[in-house]
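Asks: Following the hints, position chain B against chain A.
Number of protein chains: 2
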Amino acid sequence: MYDGIKGFRDFYPGEMAARRETIDTLEDTARRYGFREIGTPALERAEMWTDKSGDDIVDELYSFEDQGGRHVTLTPELTPTVARMVVAKQQELSKPIKWFSTRPFWRYEQVQQGRQREFYQTNVDIFGSSEPEADAEILAWAANALTNLGLTGDHFEFRVSHRDILGGVLESYDADVDTEAAIRAVDKSDKISQAEYHDLLVEAGLDYDQAEEFADLIAGGDLEEVKSFADTERVTAAVDNLQNVLEAAEDFGARDYCSISLETARGLDYYTGVVFECFDSTGEVSRSIFGGGRYDDLIESFGGQPTPAVGVAVGTATLPLLMQRAGVWPEEEVTTDYYVLQIGDTRSEAARITRELRERGHVVETDVAGRSFGAQLNYADSINAETVVIVGEQDLENDEVTIKDMESGDQTQVPVDEFPGDLERPTYDDVA
Amino acid sequence: MYDGIKGFRDFYPGEMAARRETIDTLEDTARRYGFREIGTPALERAEMWTDKSGDDIVDELYSFEDQGGRHVTLTPELTPTVARMVVAKQQELSKPIKWFSTRPFWRYEQVQQGRQREFYQTNVDIFGSSEPEADAEILAWAANALTNLGLTGDHFEFRVSHRDILGGVLESYDADVDTEAAIRAVDKSDKISQAEYHDLLVEAGLDYDQAEEFADLIAGGDLEEVKSFADTERVTAAVDNLQNVLEAAEDFGARDYCSISLETARGLDYYTGVVFECFDSTGEVSRSIFGGGRYDDLIESFGGQPTPAVGVAVGTATLPLLMQRAGVWPEEEVTTDYYVLQIGDTRSEAARITRELRERGHVVETDVAGRSFGAQLNYADSINAETVVIVGEQDLENDEVTIKDMESGDQTQVPVDEFPGDLERPTYDDVA
Numbered sequence: 001m002y003d004g005i006k007g008f009r010d011f012y013p014g015e016m017a018a019r020r021e022t023i024d025t026l027e028d029t030a031r032r033y034g035f036r037e038i039g040t041p042a043l044e045r046a047e048m049w050t051d052k053s054g055d056d057i058v059d060e061l062y063s064f065e066d067q068g069g070r071h072v073t074l075t076p077e078l079t080p081t082v083a084r085m086v087v088a089k090q091q092e093l094s095k096p097i098k099w100f101s102t103r104p105f106w107r108y109e110q111v112q113q114g115r116q117r118e119f120y121q122t123n124v125d126i127f128g129s130s131e132p133e134a135d136a137e138i139l140a141w142a143a144n145a146l147t148n149l150g151l152t153g154d155h156f157e158f159r160v161s162h163r164d165i166l167g168g169v170l171e172s173y174d175a176d177v178d179t180e181a182a183i184r185a186v187d188k189s190d191k192i193s194q195a196e197y198h199d200l201l202v203e204a205g206l207d208y209d210q211a212e213e214f215a216d217l218i219a220g221g222d223l224e225e226v227k228s229f230a231d232t233e234r235v236t237a238a239v240d241n242l243q244n245v246l247e248a249a250e251d252f253g254a255r256d257y258c259s260i261s262l263e264t265a266r267g268l269d270y271y272t273g274v275v276f277e278c279f280d281s282t283g284e285v286s287r288s289i290f291g292g293g294r295y296d297d298l299i300e301s302f303g304g305q306p307t308p309a310v311g312v313a314v315g316t317a318t319l320p321l322l323m324q325r326a327g328v329w330p331e332e333e334v335t336t337d338y339y340v341l342q343i344g345d346t347r348s349e350a351a352r353i354t355r356e357l358r359e360r361g362h363v364v365e366t367d368v369a370g371r372s373f374g375a376q377l378n379y380a381d382s383i384n385a386e387t388v389v390i391v392g393e394q395d396l397e398n399d400e401v402t403i404k405d406m407e408s409g410d411q412t413q414v415p416v417d418e419f420p421g422d423l424e425r426p427t428y429d430d431v432a
Numbered sequence: 001m002y003d004g005i006k007g008f009r010d011f012y013p014g015e016m017a018a019r020r021e022t023i024d025t026l027e028d029t030a031r032r033y034g035f036r037e038i039g040t041p042a043l044e045r046a047e048m049w050t051d052k053s054g055d056d057i058v059d060e061l062y063s064f065e066d067q068g069g070r071h072v073t074l075t076p077e078l079t080p081t082v083a084r085m086v087v088a089k090q091q092e093l094s095k096p097i098k099w100f101s102t103r104p105f106w107r108y109e110q111v112q113q114g115r116q117r118e119f120y121q122t123n124v125d126i127f128g129s130s131e132p133e134a135d136a137e138i139l140a141w142a143a144n145a146l147t148n149l150g151l152t153g154d155h156f157e158f159r160v161s162h163r164d165i166l167g168g169v170l171e172s173y174d175a176d177v178d179t180e181a182a183i184r185a186v187d188k189s190d191k192i193s194q195a196e197y198h199d200l201l202v203e204a205g206l207d208y209d210q211a212e213e214f215a216d217l218i219a220g221g222d223l224e225e226v227k228s229f230a231d232t233e234r235v236t237a238a239v240d241n242l243q244n245v246l247e248a249a250e251d252f253g254a255r256d257y258c259s260i261s262l263e264t265a266r267g268l269d270y271y272t273g274v275v276f277e278c279f280d281s282t283g284e285v286s287r288s289i290f291g292g293g294r295y296d297d298l299i300e301s302f303g304g305q306p307t308p309a310v311g312v313a314v315g316t317a318t319l320p321l322l323m324q325r326a327g328v329w330p331e332e333e334v335t336t337d338y339y340v341l342q343i344g345d346t347r348s349e350a351a352r353i354t355r356e357l358r359e360r361g362h363v364v365e366t367d368v369a370g371r372s373f374g375a376q377l378n379y380a381d382s383i384n385a386e387t388v389v390i391v392g393e394q395d396l397e398n399d400e401v402t403i404k405d406m407e408s409g410d411q412t413q414v415p416v417d418e419f420p421g422d423l424e425r426p427t428y429d430d431v432a
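As you go down the protein sequences, you meet chains A and B in turn.
Note that UniProt numbering has the first sequence beginning at 1, numbered continuously upward.
Note that UniProt numbering has the second sequence beginning at 1, numbered continuously upward.
The set of hints was computed from the structure by calculation and includes no laboratory data.
Possibly wrong hints are sitting among the right ones.
The list cannot tell twin chains apart, which means a pair is met if one copy fits it or any two copies do.
As the list claims (entries may be wrong) - With a Cα cut of at most 27 Å, we get these calculated BS3-like pairs of lysine-lysine: (1) Lys404 - Lys95; (2) Lys6 - Lys191; (3) Lys188 - Lys227.
Isolated chain A, as found in the complex (with noise of 0.2 Å):
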């Protein structure tokens, strides 16, 4: 007997079923926006990650070399293929391009509660906008998606910032510091303490007065005080863009669920304006729940014409622990809407009649197994069939059948060819 890999995880149907109707909200949301739908490849060139240093994921790459001697990956997030995709149709793709998908990824990563090394992400992109409105469709797509899950903004609260505020803020120091590692420190913040905050901020060159000014002034997330400190046209002009992304949200009915919060920075270092992380508003899941943001320089890194770009992830494997704190997750079981029942050489008969509901587009299963009245029974409460349809010998003779409530367990006889008859889905209540 085999073992599955650890941090790779097998779904079963009552599980997946609750899964299916999260993922299929997420995608459904995002079609109505005109999103469109693209498929990608499990594996890429290895380099498209490597050939950029200082990025943890590089260490959690799934890398090897193929057969033909390539050096390949399994592909630990979407963004470099989908601008891969970008570049190799730039000219014919009329803009701007509103992507999705929802697929595994895969990093070799520690697994603990909600983080597994195969997961699943629905991203949502936008490119060849430069305007606050696509940041804004990109919020509001994420509010409606969890709206349309039964979240309200009692339950999550997406936490906004701008890359260039933090960046602009740093810059203004008449000190020599590394920009990415202070923005790293910052996006650390929350998991550290204070002090390893301010000897982060230190190691990436501002002074200790100065790391716990910036640390405060960004803590304080008063953006005219940010606009004053700094006082120069890149932190105007970053400060003035996140105000016309959230006036846009607000025209989109996304503005309700956004909160100013400087700190967000989000890890990857290819975010370039406005930024956003979703978090439990109830902070009983501390981490958070996905995010996202525009990434503007990312295309043109990888051979395009410049293009800019805003986009989203949202994950399958943390979503459901807010889900499931909210008391919104699907039930985790199956449904069926017929089990139709054979006892004796009713085969015929109940073939017909789970031809004629499985057309009318219902969940109807029949027996393939021989199996006897009571084990057809027990099975059919197995997957909750909710009418179970008895076609048997004796019931046959006299032209009928037996329609059966399992919820009730109130059952009744219906001539056999009234049966399902003219009604769509007709079930006890009906024909009693």
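Replies: Just chain B, lined up with the frame of chain A:
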């Protein structure tokens, strides 16, 4: 700029829309039959394949050592994984177990039309029934899925056989025959010359006269002749089982799509009973579209209780060739219900209309790129928008918006507070 990897496809929105529609139909049909979706990992221990020898698949594995020193492989097929999952929860799963899933698999093969190194399959399996009804339900699902895709008996046929017929006839020879080698020879017979075929049978242990006789008997496909030729219990039982499966398939509405073809052996050694392959009826697509069959020994070989099993895997690489040939492959294009066009500072009103239309489930885009009237109209055309709602500053001064039908070019003005109004999906024709 990076390239994708040979044999790994990118799917852009138009083609993806056609693929999604196709996969949705396969899956929706599976759900109606009471198959339950499962989720399975991309990586498994390589030993699940390498422990068994003799299979071409072992040479085609994308296998490697992970960072924890595990010998892992990208899965080349689903069956060993589902066998592992059945074994892991054998006691608690109610039988018959009916599972389906759609996902990619990976094999390092020669790339050609309809064959990539990354390929998608919808796998549909029943565990826990040795009855002919289970085989017939698999045939019925496959036939029903294809007819739901718009195909008919003029387009496809299932060539059906039974593994024990070949094995049993070979066994009836007074010779030391390597049965699996001989069955592989039969499986290849339509791709090689008759002489090569006979040679392979001789290599497997028959003499030349026997090889010719055997080849003719199998090509003839007369079940009664086969039964009397072998005159063994095993062949008689196999022929009876095949006939019982076809009789059940008659009740389940699939018999018309089936023809008996004893040369259909399926390449994989784990089949034990009825096997079938789907072919283009016209022969234009010469290779097998997909196939399936019964594999009663596999679960036990994975350390589980003896558990009969039957299944099929429909690949979405070859299937489009058949659908295109038959003229039922969906249009490879995106569709859009509404584009809400903004002229001047009308974002707020445009956003309201957009949101209301999206709430009704429609696919709706609006400007997120600050583009001109003409650019927006071109974009609306490029996404095949059916209706354009023009929200202009001047119109709004008169409390009106313009509804434009993109096919005819006709347009008319309506009061802004009456759009979208009470109609579920208002078009130009409704408001003109």
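Asks: Against this structure, judge whether each hint is valid.
Replies: Consistency of the hints with the structure:
Taking the shortest Cα distances, Lys404 and Lys95 sit within 27 Å of each other only across copies (21 Å), while inside one copy they are farther apart (56 Å). In this assembly of identical chains, the alpha carbons of Lys6 and Lys191 lie at most 27 Å apart only when taken from the same copy (26 Å versus 42 Å across copies). In the homo-oligomer, the alpha carbons of Lys188 and Lys227 lie at most 27 Å apart inside one protomer (23 Å), although the nearest pairing across protomers, at 75 Å, exceeds that limit.
Consistency with the previously given hints is maintained throughout, with no hint failing.
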